[in-house]
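Chains as they are written, first to last, in the numbering used here: chain A, 1 to 618; chain B, 1001 to 1091.
Treat the hints as calculated values from the structure; they're not laboratory data. C-beta: ideal position from N, C-alpha, C; glycine also. Not one of these hints is a red herring.
Chain B stretches covered by chain A per the calculated footprint, using a threshold of three residues with CB under 8 Å from any CB of chain A:
1) 1010-1020
2) 1063-1069
3) 1076-1087
Simulated restraints on C-beta separations:
4) B/E1019 to A/E379: 40 to 46 Å
5) B/R1043 to A/R141: 58 to 64 Å
6) A/D221 to B/A1017: 46 to 52 Å
7) B/E1026 to A/L483: 35 to 41 Å
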Amino acid sequence: MSEISQYGYHGKILEVDLTRGRIEEKPLDPSLVAGYLGGRGLATRIFCDLVDPACDPLGPENVLVIATSPLIGTNAPTSCRAHMVFKSPLTGVLGTSNSGGTWGHAFKATGYDVLVVRGRAAEPVFLDIKPGCPAIVPAGRVWGKDAHETTEILTADAEPGRPFKVLCIGPAGENLVRIAAVVNDRNRVFGRSGPGAVFGSKNLKAVRVSGKEKTEIGDRDLYRSGLDQALYLMKQAPVTKRLLRELGTAGLVEMINLIGMLPHRNFQDSLHRDEDVSAVSGETLSRTLLTKAGSCYLCPIGCQRHTAIPGAGGISEEGEGPEYETIALMGPSCAIYDLEAVTRANYRANELGLDTISFGGTVACAMELVEKGLIRPEETDGLDVSFGGAGVLEELVRRTAYRRGFGDRLAEGSYRLAASCGHSEYSMSVKKLEIPGYDPRASYTQALGYMTSPSGACHLRGGYAVSLAFFGGTKEIPRYSLLQSPIAIRNMQNLGIIHDSLGVCRFTGYAFGADPWARMASGATGRDFSVTRLDEIANRIAALERLFNLEAGAGSEDDDLPLRFSETPIVVEGREHRVSGEDKDRMRRDYYRVRNWDAEGRPTRALCDALNLRRSGL
Amino acid sequence: MTIKVRFFAYFREIFGAAEECRVLPEGTTVGRLLEALCDTPRRRAEIFAGGSLQPAVVVMKNKISIHSLQGLDTPIADGDTVAVFPFLGGG
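Please build the complete structure, drawing on both the sequences and the hints.
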């Protein structure tokens, strides 16, 4: 057993070549973990070493890398999240996506740290991974099935005490829908940037895992000191102690409306009637549709919403969600305030494997194009795709997943949809990734996060700035501070990189910062992952992601926002706000400076040397 | 003067209502309003840390954070709406 495999890691990469039908076990280079930690960092490094940034995202040259972290397999709170890296078929830049549930933990228990999938199978297959005997298996019996059916079929023949966990695509991924997601544990999702289409392009239907390999801890005292502090702080902070369990992320709906950030009519404004917002709030969800809260593996927070809605013949339909983002983008942004309709559409999206943020953003875009006469009624299959049309949501999910009729256009995402009408400016997206449920005119910091996220407009990879202006009870980072926003969002992004590379949940950030994680990571691995080292690693990963995107053709001109946010103000706290060109220029320039990137947004030579990165050619 | 107070999340359970109307003397500040609302030790512990607001409590007057106004000294006028909620983060 090598040094690396003793503590935190197994020291093994499983590499699958679907073209040749071969599986190979490779050692995990210890220098990689020292520099990139695990999860997002490790996956990004391995991905960049294998992929030509100019490759076709739906071609066999694209590579999928799924990585776990050294904390997965310990009892660190929320340590279950796997991270997936690929070239995105939606954006053409880095796809970097994360999911909770139990699959990440189960994959680590197979004895591998990382899964690499290359090439394309001649016929649909799934990967069956058990310790020491991974296999490529024909998937004819599940190809065409939705994610729930696939999971049920592939978990049916598990031995007692050795359950299978399944990661799979639904019809959306099979049909190469650019906003297709990958679904694990039935309703957890690697949502953003279209990973489902990458799976589909490889004829890869699912990854089934089962194992009992243990993760060993190096320095138990050090690990324990971090763990004890983390658990204590999570019990003190209202968000992690009770708020998310009581209301889920849906509890954000009322609050985000109050602070002027809830999108309306494809971000035309953020004006809603309070009674409409109340109808789709977390409080209403709890009172009407919630059956119970739930958790990912090892998570004490409990934000999952198990829900039920009235179905045909008096039999209710059960599922999970909706989350805040789903409500915001499929609800108020479409001027829809029907919680049952949004929930039903969310159930279909989970089954068929669609990203609800990008789907909602694309539908809202379609509604605006219809409103402006740029899409004619005869183009929408007889469906009334107007703002407020709750009745079409579920059917649009189906048509998008199956690329049927108008759904074939929605399947391309909002940017290509709007561009096909000659008006790409109506796509509310950055780098073609649809903007989540927070209007950037209500926070310069959030605006900068969208502009500089490596994957396009993302509140997770780009930094969640909503809390910065309110958490702490003071104007800690004022919403419109041009001066503080670059440093604030850089720090938020770095903490997010650490979370993603340790396989833990963002929500722990409402209870504590990096210090407990540093002690847990150092203790689990026996390596130096101090706070200083973690920040260095985060800067390295951010720079590497940036270098990939530059090689893929995305430059500083793409670190921008749709024109609407510069031209059309919204009223927040009694005053008009927009993100002017001058403000964007200043924040972008200052962000590059705090990142130690040059004026064009390329990591400087000095930074690359310090971080042991190649400045060009990756 | 008559104002509306709105509560969100578990503050609805603690304060016993999603919203209520309050009749207040002219010149009442947000701080005085909160003192009046916190008429039990439990309510007081949720809202105040000493003489200041608890870090995770957000108070807005007419959708403007009181920290953009005069804080707890923010004056209230007839017809105003004051929202009180525990800060909820998410994604």
